[in-house]
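Starting from the given sequences, assemble the full structure and let the hints guide the process.
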Amino acid sequence: MADAKEKPVDKLTFEEALAELEGIVRQLEAGEVELEKSIAIYERGAALKAHCDSRLKSAELKVEQIVQGANGPATEPASFD
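Taking the numbering used here, the leading residue of the sequence shown gets 68, the next gets one more, and so forth.
Using 20 angstroms as the maximum straight-line C-alpha spacing, the simulated SDA-like pairs for lysine to any residue come out as follows:
1) 116 / 86
2) 78 / 124
3) 104 / 86
4) 124 / 85
5) 124 / 81
6) 74 / 86
7) 124 / 80
8) 74 / 90
9) 74 / 88
10) 116 / 80
11) 116 / 96
12) 74 / 110
13) 78 / 119
14) 116 / 76
15) 124 / 77
16) 78 / 114
17) 116 / 85
18) 74 / 89
19) 78 / 113
20) 104 / 116
21) 124 / 83
22) 78 / 110
The following label-pair restraints were derived from C-beta to C-beta distances:
23) 92 / 127: 21 to 27 angstroms
24) 134 / 78: 25 to 31 angstroms
25) 144 / 90: 49 to 55 angstroms
26) 96 / 121: 23 to 29 angstroms
27) 75 / 129: 19 to 25 angstroms
28) 132 / 102: 43 to 49 angstroms
29) 128 / 86: 22 to 28 angstroms
30) 131 / 93: 29 to 35 angstroms
31) 125 / 93: 23 to 29 angstroms
32) 128 / 97: 32 to 38 angstroms
33) 147 / 95: 54 to 60 angstroms
34) 144 / 109: 53 to 59 angstroms
Simulated from the structure, these hints should not be mistaken for laboratory data.
Because the structure is a prediction, the values reported are computed rather than measured.
All C-beta atoms in this analysis are idealised placements derived from N, C-alpha and C, irrespective of residue type, glycine included.
The structure is reproduced here in structure tokens:
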């Protein structure tokens, strides 16, 4: 999985990174990968996880901005009737 044909992590979409990360997890859980390759794919997996976390955080912030609108969160006076 870790070879020269791989796309740089920062160029992957969230979906591509997540799919590759899931593949790495499957490989590591199977335990059929030699030690050196395990280390290399674990490092790539850590980078993929960080990339996915960053993309998710960015998406959350965008959604929050949309919900709040340009003027911040909308508030209404409390009604105690």
